[in-house]
Amino acid sequence: MALTKAGSQRLSRAIGSVILVVLIVWTLAPIYWMINTSLKVPGEIYGQNITMWPRQPTLENYWILFQQTNFPLYLRNSLIVACATTALSLVFASLGAYALSRLQFPGRKLFARTLVYTYLMPESLLFIPLLIIVVTLGLQNTYQGLVFAYLGFTVPFCTWLLMGYFVSIPVELEEAAMTDGCSRLGVLFYIVLPLTVPALAVVAFFSFTLSWNEYVYAAVLVSDVNVRTIPTGIPNFIVEDVFFWGPMMASTVISAIPPLVVYFFFQRYLITGLTLGAVKG
Amino acid sequence: MTDNPGTAAAFPYDRKIPIWERVANSKRALAFMFLLPTTLVLTCVVVYPFMFALLLSFQDKTAGVPGRYVGLANYIELLGNPEFLQIVYNTVFYTVVAVSLKFLIGLTAALVLNQKRRFNNIYRTILFVPWAVPTVIASLTWLWVYDEFNGLLNVLFVKLGLVEYGVAWLAEPELAMWAIIAVVVWNGTPFYTMHFLAGLQAIPKEHYEAAEIDGANTLHKFWFITVPSMGSVFAITIMLSTVFTSTSIVVVNILTNGAPANLTQILPNFSFNLAIATGRMGLGSAVNMVLFPFLVVFIVILSGRMLRKGGD
Amino acid sequence: MAKTNITRRQFGKLSAGAAALGFTTNIFVPRRAHARDAKLVFWLQPNFNAKADDLLIAQTMEYARSKGLSDSDVSIEKVPGGEVVPRMAAALEIGAPPDVTRVNEPNMVNWGPNGHLVDLTPVIEDMRSREDGINEDTLLMAKIDGEILGAPMGIAASAAHVRIDKFREAGYDQLPATWEEFIEAAKKINQPPFYACGMALGLTPSDSLVDILSVVDAYGGSLVDGQNRPAFESDGTIEAFKLIDAMYNEHRIIPRSSLSWDNSANNKAYQSGQIAYALNPTSIYSSLINDQSELLDLTVLDVPPGGPAGRHATVSTDYYGVFKQAQDVDLAVGLVAHFMKPENYDAFITEAGGRYLPVYPAQLTQPFWAENAAFDGLRAAARTGRSMFYPGKLTPALSEVVVRTMVQAEVQNMLVKGKEAAAAVADVQKQMIETFERLGEPV
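One line per chain: the protein sequences are U, Y and W, in this order. Per this note's numbering, the first sequence runs over residues 13 to 293. Per this note's numbering, the second sequence runs over residues 9 to 320. Per this note's numbering, the third sequence runs over residues 5 to 447.
There's no promise every hint is true.
Stated by the list, open to error - Per label pair, the in silico range of CB-to-CB distance:
1) Y/Phe165 with W/Ala250: 22 to 32 angstroms
2) W/Leu144 with Y/Val304: 49 to 59 angstroms
3) U/Arg22 with Y/Val235: 16 to 26 angstroms
4) W/Glu298 with U/Asp236: 36 to 46 angstroms
5) Y/Phe165 with W/Asp380: 18 to 28 angstroms
6) U/Arg280 with Y/Asp222: 51 to 61 angstroms
Everything labelled a hint here was simulated from the structure, so no lab data went into it. For glycine and all other residues, C-beta sits at the position ideal for the given N, C-alpha and C.
Could you build the full structure based on these sequences and the hints that come with them?
Structural data, given as structure tokens:
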């Protein structure tokens with residue numbers, strides 16, 4: 013006895029909901045622990061009886077974070093760097109992805125693959141030669157230097173993400189536009205990009221989050237507190253072998269908020285309906 | 009715009025096309041211009057450091073002191089190291105398992121989030137959270153979660169009566185690698201989820217409707233429409249994620265640093281410990297180069313189909 | 005297909021856009037001054053409490069002003085301990101290390117022989133002029149090629165932190181003097197999840213090596229001999245390894261997770277009241293004070309248990325070092341001399357609250373040290389204390405052995421993979437010899 017279409021839909025929705033609950037619990041459990049710890053006094057963090065919710069909740073850790081450390085400064089810097097990196101990544105990657113997916117030229121495949129090869133070298137090894145370059149260009153301790161380094165990190169993969177979407181746009185659309193006198197750049201801007209808004213959203217989220225969370229380069233290329241970003245503040249909570257868990261978790265909780273806000277407000281772009289209806293008819 | 013060479017000089021075709029117009033209209037020149045910013049950034053930020061690291065692997069070098077070339081000595085030393093094979097095996101196991109799990113969970117999550125539901129945007133934001141947390145922090149948090157005495161996991165297990173007292177998740181030989189993989193999967197799944205979600209959105213509803221008319225059920229629709237349409241999305245995500253996963257040092261560094269008995273040691277950590285902690289930059293670089301050929305082949309295979317589609 | 009024409013207008017728009025992007029970025033993102041513009045650069049590695057750090061900052065500024073420098077000529081960077089090694093590696097590569105920073109023994113081994121540090125003998129002479137002089141043992145590591153490359157600024161002793169209440173319950177009124185007695189007591193105290201012995205066995209350099217070597221030392225083993233040749237393989241060492249195996253696998257008095265502990269884990273375990281014994285620098289004790297923990301009164305500092313070969317604690321020395329590439333070497337050396345002036349130094353040591361023992365013996369007679377009962381154990385530890393590498397000293401090869409956690413790795417092979425103690429010890433010896441030979445040191 014086969015399920016009706018409606019029945020089958022309801023079943024898959026129900027299964028989906030169960031899975032969703034499981035996923036949410038699994039995702040949030042460590043976060044709950046982070047928040048929990050950030051609200052505890054040190055005595056309770058190390059307490060002999062571990063509490064699922066602080067018995068003496070305190071905002072002391074957050075207070076310490078904002079009063080005694082450079083956290084607010086780091087927050088500002090992280091915002092500047094992340095926004096700049098995201099904007100530039102979008103531009104560079106769109107141009108690059110279009111060239112690699114639509115324009116024929118010698119070395120196209122090699123160039124595309126080389127973009128990925130750039131990731132085979134982990135930043136834990138690259139940071140020294142990178143520092144040499146950045147210092148040579150006089151960009152040490154500047155926002156530009158950091159953004160520059162991060163672009164090397166985000167652009168290859170943003171380009172690849174966009175390439176994947178660009179190739180799925182039918183060429184006919186672009187050809188039609190070009191016959192009407194549109195330039196390549198115009199095609200990119202007016203036809204291709206609007207159709208790949210979800211991909212652009214993904215690229216933007218990833219660039220933002222990557223530069224928001226990146227630690228190695230930020231620690232090495234920038235030592236000036238006025239330019240430092242949030243992740244570099246974390247080791248300040250670790251002195252020799254003492255971890256100051258309370259303020260550390262507080263800083264995590266706060267620094268997770270901007271990417272989430274960005275995501276929450278812009279995720280509707282991830283779900284556009286104006287995809288390929290343009291092709292029909 | 010007609011194409012009639014027979015007519016007289018008054019037509020626009022006879023005018024001399026200025027250089028910049030010729031350049032702008034040539035596909036190669038255009039490609040060059042479009043790729044210029046990317047190329048500039050990458051040359052400085054990646055190509056040079058890359059060459060530096062490659063050359064390093066053939067040198068014997070400590071920081072601050074000029075290196076001297078020793079040919080293949082570093083590689084030979086690696087092959088002679090009994091732990092090396094164990095580390096390579098660990099890396100492969102860890103990468104394959106982590107990527108597979110991230111793929112499965114990410115796809116499931118994307119499918120679920122694609123269904124119509126109220127508050128979908130809240131659920132999506134929640135599932136994005138692990139990615140919003142820097143890996144360093146995620147690792148430190150999970151360090152606490154796994155704690156033998158006060159960790160969330162053990163507290164729960166003891167309260168539920170599953171164990172008498174805390175389990176050492178990160179130190180028991182059978183559990184340690186899985187504990188590491190769990191953290192990597194937790195931190196990295198949103199990458200897949202988001203990407204797949206965007207890809208799912210790009211599949212036109214008409215395809216599904218047409219299939220339903222032909223009598224396809226949910227499974228059919230998934231297998232014959234969703235999966236093929238997501239082909240390049242899958243390929244690209246897996247390719248990039250494999251590279252990122254297999255070169256990331258943070259999780260292992262913070263959670264176990266290779267314990268117990270090198271059962272969780274992976275190549276990038278080995279490389280970092282040698283190059284930076286011990287100061288043997290040449291050897292550390294050589295370790296890194298080992299995975300290279302395999303990853304390159306992997307990248308070529310996965311990118312092959314996608315790159316063929318592109319270009320005019 | 006007809007050729008497309010890109011019009012002048014579109015081209016112009018594109019260039020204008022690119023230019024605008026370039027300019028706007030510049031307007032909103034001002035350039036910052038390079039740290040190297042400063043005349044005096046001090047990398048401050050934070051101590052356990054902020055007050056000690058603030059004191060150092062104040063002393064630095066005081067010195068700078070006395071030399072006629074303005075505040076902006078001085079750059080004090082807080083560099084967390086974990087960042088020092090990678091950042092220094094990068095800084096040395098680009099030729100821009102700081103002027104002054106704290107140098108621990110492994111750092112000294114890395115930076116000293118390579119010619120990066122300045123000879124500080126004049127400063128040492130000044131220090132010696134204080135009544136009772138300085139603790140000459142502290143100079144051991146800094147004497148390289150006839151020069152003294154660091155001014156000793158503190159003696160860090162690893163003390164056994166002991167839950168005396170638990171031991172009293174088992175019938176012992178102090179920490180047992182030998183490991184064998186300790187195991188007997190531990191068996192009575194042990195009750196998972198409460199473990200008697202918080203011995204660190206992880207693959208992170210530092211705590212775990214100190215723990216393992218304290219047992220090895222008790223049975224007469226050592227890493228190197230008096231001529232600095234690898235000497236790990238010995239009956240004493242094998243005996244010690246067997247004991248550790250028994251403690252972990254047979255008697256189970258060591259927490260299972262110890263194999264994955266980093267340097268903070270034994271702190272965490274002790275402060276959570278889950279272990280009765282932890283061998284650690286006094287950071288645990290400081291934390292107990294800072295957190296006003298109820299365990300403070302139940303804790304006693306002591307020397308770790310010994311064995312047939314004696315009972316010793318581990319001490320190491322930290323130094324202030326000056327880099328040759330400093331902009332103004334004399335200025336930098338002066339800063340170190342300023343730090344080491346008795347009144348400045350005493351204030352710092354007191355503020356650091358037990359983190360360091362003073363390098364001036366005269367200071368030990370001061371009330372802070374003489375009248376604090378808890379520090380009795382610490383002072384005893386310092387008196388019997390020797391370097392981890394006794395009877396040799398730290399060298400580049402030995403430093404590599406330490407950083408690559410060769411000893412810990414073999415201990416773990418023994419504990420987890422069932423390797424024979426003798427084989428594990430032999431393998432450590434083999435790896436040590438390989439390393440020493442490669443670096444041209446005598447074997």
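Against the structure, the hints:
no., hint, verdict
1, Y/Phe165 with W/Ala250: 22 to 32 angstroms, "holds (28 angstroms)"
2, W/Leu144 with Y/Val304: 49 to 59 angstroms, "holds (50 angstroms)"
3, U/Arg22 with Y/Val235: 16 to 26 angstroms, "holds (23 angstroms)"
4, W/Glu298 with U/Asp236: 36 to 46 angstroms, "holds (43 angstroms)"
5, Y/Phe165 with W/Asp380: 18 to 28 angstroms, "violated (42 angstroms)"
6, U/Arg280 with Y/Asp222: 51 to 61 angstroms, "violated (32 angstroms)"
Going through the hint list in order, the structure does not satisfy hints 5 and 6.
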